[in-house]
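Enquirer: Okay, here's what each chain looks like letter by letter:
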Amino acid sequence: MSSAVANERPVTPEVVREHGLNDEEYDLILDIMGREPNLLELGIFSVMWSEHCSYKSSKKWLKYLPTTGPQVIKGPGENAGVIDIGEGLAAIFKMESHNHPSYIEPYQGAATGVGGILRDVFTMGARPVANLNALRFGSPDHPKTRHLVAGVVAGIGGYGNCVGVPTVGGEVNFDPSYNGNILVNAMTVGIAPADRIFYSAAAGVGKPVVYVGSKTGRDGIHGATMASAEFDEDSEEKRPTVQVGDPFTEKLLIEACLELMATDAIVAIQDMGAAGLTSSSFEMASKGGSGVELELDKVPCREDGMTPYEMMLSESQERMLIVLQPGKEDLARGIFQKWDLDFAIIGHLTDTGRMVLKMNGEVVGDLPIDPLAEASPEYDRPWTATEPQDEIDPASFTPSVKPAEALKRLMATPDLCSKRWIWEQYDHMVMADTVARPGGDAAVVRIHGSNRGLAMASDCTPRYCKADPERGGAQVVAESWRNLTAVGAKPLAVTDNMNFGNPERPEIMGQFVGCVAGMKAACEALDYPVVSGNVSLYNETNGQAILPTPVIGGVGLIDDLDHIAGAALPGSGQDLVLIGETAGHLGASIYLRDIEGRSDGAPPPVDLELERRHGDFVRAKIRDGSITACHDLSDGGLAVGLAEMALAGDCGADITGAEQEPGNPPLAAWLFGEDQARYLVTTAQADALLAAAVEAGVPARVIGQTGGDRLILAEGEAISLAELRAGHEGWLPGYMDR
Amino acid sequence: MKARVHVTLKNGVLDPQGKAIEHALSSLGFDGVNDVRQGKVIEFSLSESDPAKARAEVEAMCEKLLANTVIENYDIELNA
Amino acid sequence: MKARVHVTLKNGVLDPQGKAIEHALSSLGFDGVNDVRQGKVIEFSLSESDPAKARAEVEAMCEKLLANTVIENYDIELNA
Amino acid sequence: MKAAVIVFPGSNCDRDVQVALRQSMGSEPLMVWHKDSDFDKVDLIVLPGGFSYGDYLRCGAMAANSPVMKEVVARAQKGVAVLGICNGFQMLTETGLVPGVLMRNADLRFVCRDVTIKVETSQSLFTAKYEQGEAIRIPVAHHDGNYYADDDTLSALEDRGQIAFRYCDQEGKLSEAANPNGSQRNIAGVYNETKTVLGLMPHPERLADPKLGGTDGRALFDGLVEALS
Ligand SMILES: Nc1ncnc2c1ncn2[C@@H]1O[C@H](COP(=O)(O)OP(=O)(O)O)[C@@H](O)[C@H]1O
Ligand SMILES: [Mg+2]
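Residue numbers (this note's numbering), protein chains in the order written: chain A, 1 to 738; chain B, 1 to 80; chain C, 1 to 80; chain D, 1 to 229.
Derived from the structure by calculation, the hints contain no laboratory data. Note that the structure is a prediction, hence the values are computed from the model and not measured. C-beta: ideal position from N, C-alpha, C; glycine also. One or more of the hints may lead you astray.
Listing some non-contacts, in silico: residues in chain C with all C-beta distances to chain B over 12 angstroms [what the hints assert, rightly or not]:
1. Val13
2. Leu46
3. Ile71
Distance condition first, Cα-Cα at most 16 angstroms in a straight line; then the derived EDC-like pairs of lysine to aspartate or glutamate [to be verified]:
4. C:Lys10 with D:Asp150
5. A:Lys490 with A:Asp560
6. B:Lys10 with C:Glu43
7. D:Lys129 with D:Glu193
8. B:Lys64 with C:Asp31
9. B:Lys40 with C:Asp15
10. C:Lys19 with D:Asp107
Turn these sequences into a full structure, and let the hints guide you.
Expert: Laid out in structure tokens, this is it:
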């Protein structure tokens, strides 16, 4: 090999270990290469085989998830999933984690997380139309939490607001298990013409490989391997390089790429995400069954003297790799110059099946593509199932406080309080198509220029997943489906973000396996396939794992924006109708945890057949106009759901007396139980609605009426909206300004 | 005592602001301007009058709040 | 030639960033910190080597772009 | 009426205002790329919201120095109506077409929500379709909307009737609570001396369609079309 690498570090066992490769993996490398790799080649193996890029621990299980359906245009395996939304359009979406970088540098970590997921979506030809974010922080009492919340939220806003894509939804939980490992999962939804989707598979000998966007610096070298290594106390000391995002350049890159995509110049396109130039060029060639030769001295660099190793492993942001049709170079160059972006032809496709890297004409790296991709390790890690928890008999305990007091407290807890302080820092209206803003069950974004819309939401209930991974996994999917249904949308497909601890521990691997099983069952039963996703493992600090957190981002379609529902009570004089059965499941509930200080018990069972029947009924009744407001019941049960509706509509309600119906569980369980497959709706035509419910085999009953400025809960006990609002709206700003 | 703290991006860290300023200056016709970097300067008065103690205090402020040492350097000037 | 430009708010112009830093420092337990002001520092290299010409050029940059003289002052340092 | 929307690198409300103008005009506004300084004669020039040049250095500062802005300033001086929304307002202050500056929000946070603003006068091209004193609901979305000018300038603006809108509560009363960003005297928008140039922080184009939850912004565009046709 050439002199360009002569003065790089020799590959010693220590260097191999620093690259996160174990002995077996290194033996495999020797086998594939037929010789010892140099440092550059070793670096490439290390990122390609990192957990982050190779999914080596999760691959085996992810295969079980259903990924097909008539609506699916492209399932997992590309940059993002693609579904058909009719009228010649496709929705393209994905969720991705930026957990570790956000813990180290919350603003830039979260910002670059948004930038990365945006690129995954527009690289496929879609104009991004919405962002969502699922956040998990440590205990509010932990000294770092406030700073992390402030930084992450500012970073998500700082990037999304500048790029001009509305951030329309998300979720936020607090739990001590995230003290040393926060979760920042970002999701982007885009829309593209269904017949103009761009893929990464690149074929055609001699076709030019083009680099566009920002210049390459020494950013985040080894970021991908960092994202796969467990945290320990020194990781803060090591201060690994964190990338700085440039949303302005991203905005230009979006416009330039979409402009180029409107021509027929592109053969393949791929964003440079984790592992930058390495994984992008590798994937393009590997998927296209071709080879690639790159001249690294042509790579636009921000700094002098960058080595091939640094260029190949840099994670500088806002860059894309494109394979062009020969002869289209000038057209493409013109577009990128118009947008003041770098453009450089850095190589071409070959038919050798190898990746050949040159620097100033000399070969500095030469690896076989298919063997490396195929041999990428896959582990069947040992796992142990989580011990089931006991069901909690709702009659088995005496509540410590009266319902009104419990409700007041719950509405002001970190998990259930209003997240307005967060979403008001996000521009959620830019693009002027946000029909339902943050605050409801799902955001609704109009498909530009039409009267149709997409509904989207992100969901996960980690405490259920911890108590019973399989039930929890199913519940996550069911809740997502319910949230879309509650606005009147037809749920179409999901993206997932599997956040777990160290998979080398059997109990953690067991959580993963259980959650996947539950998700599989629910996705199948609800015709709600997984079209894209992301896995983030090793979320632990000093052996303390996070709660299993498989986040689901769901997307649904609304055919007619004149027939949607919101959660706000629509005014006085309407009937409140509870859809679904209330057995009063309190196991693993918010009520038990936050009011009674217990986190034991089995989570509520998920009956997927009922979910479907109840949801289909509710959706049909939203569409025919008989439901005037709708909210699915989840965390905190009926009482919390009702309170949220009342606050959103600034209208009270009276449900006293409903608790006495024969067969009801004890009071606390009736009000706060978290039974699934339930919705609370309002209607001006209760008789017709109940009759239709009977016909559809859906349990439904009138539990009260809207009106006034108080909630009258049970046994006549009342609480004013003003008091509820003060706590609900006050907790987060109060916490952050302290 | 008066303190002046400069907080600048570490070498090699992307500075989008600096890049944009460089671009704007050149399109305004200012040629020959290179390597533009933008940082912050924070000035304040300090009741501590012992120079060594003051420096230690300001250093602690930098580490805890004023700079993000993952990507930024800081530099402290003190004046009586 | 290297230039360093400080851009700071004029006296009397309220500085929300400075105020926020002051508040944050005091809640971190740093007492006796007052009059916090935050400004910008812009550093670059300049091909012009004549000091007078360089200063005039940088002054023009400040007037045209780097500072908003309605609320900001600027201060130029040059180093060969 | 003919209108042009100037598109800067980093503009992101250009399409939104294009849609609102199209709705009120019944025809397409011209979309002018910032490098294109000799665009057709128009009656109205709109500087849209967004993050021109990333809002790096100071919001609007780089756009204000771009070649197309020379042309905008020249036309404004000849009496062509100019509407700067949000980032466009920041550009107007940076060019000096309207007085004052827009500083970082007092609480340092980006803010996106509906606010109510009081129409200070209906005697302008922009507000003829509103009632004087009316409180209208319009969204804001900005990080740097904290309007500042020295006291003499503020008083002069008030004397000459150059204040266009002020943040107020739903009853039209000015209060600190209704002020989303710390602006002096609750100022949300100002005119130039001839009231042919308006800079305002809130986004009327975002509530000009009942589907988006309100139409209070529409009268601004309708009024312009009527006045300039
Ligand atoms: N990080 C966030 N960003 C934007 N919106 C958020 C965020 N967190 C919560 N929200 C919004 O707050 C509302 C309530 O969230 P959540 O309680 O998780 O809803 P649900 O229980 O219906 O899933 C939703 O509209 C959601 O989009
Ligand atoms: Mg919900």
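Enquirer: None of the hints should be skipped; say for each whether it holds.
Expert: Each hint tested on the structure:
1. Distance to chain B confirms C:Val13 as a non-interface residue, since its nearest Cβ pair spans about 14 angstroms, more than 12 angstroms.
2. At roughly 6 angstroms, the least C-beta separation between C:Leu46 and chain B is not larger than 12 angstroms, which violates its mark as non-interface.
3. With a least beta-carbon separation of about 16 angstroms from chain B, C:Ile71 lies farther than 12 angstroms from that chain, consistent with its non-interface assignment.
4. A hinted pair counts as satisfied when its Cα atoms are at most 16 angstroms apart, and C:Lys10 with D:Asp150 qualifies at roughly 11 angstroms.
5. The straight-line distance between the Cα atoms of A:Lys490 and A:Asp560 is roughly 11 angstroms, inside the 16 angstroms bound, and the hint therefore holds.
6. For the given pair, B:Lys10 sits about 13 angstroms from C:Glu43 by alpha-carbon distance, which is consistent with the 16 angstroms threshold.
7. Between D:Lys129 and D:Glu193, the direct Cα distance comes to roughly 20 angstroms. Violation of the 16 angstroms bound is thereby established for this hinted pair.
8. Only pairs whose Cα atoms come within 16 angstroms are accepted, and B:Lys64 paired with C:Asp31 is accepted, the gap being roughly 14 angstroms.
9. Distance hint between B:Lys40 and C:Asp15 is fulfilled; the C-alpha atoms sit about 14 angstroms from each other, no more than 16 angstroms.
10. Restraint check: the Cα-Cα separation between C:Lys19 and D:Asp107 comes to about 10 angstroms, which is no more than 16 angstroms; the hinted pair holds.
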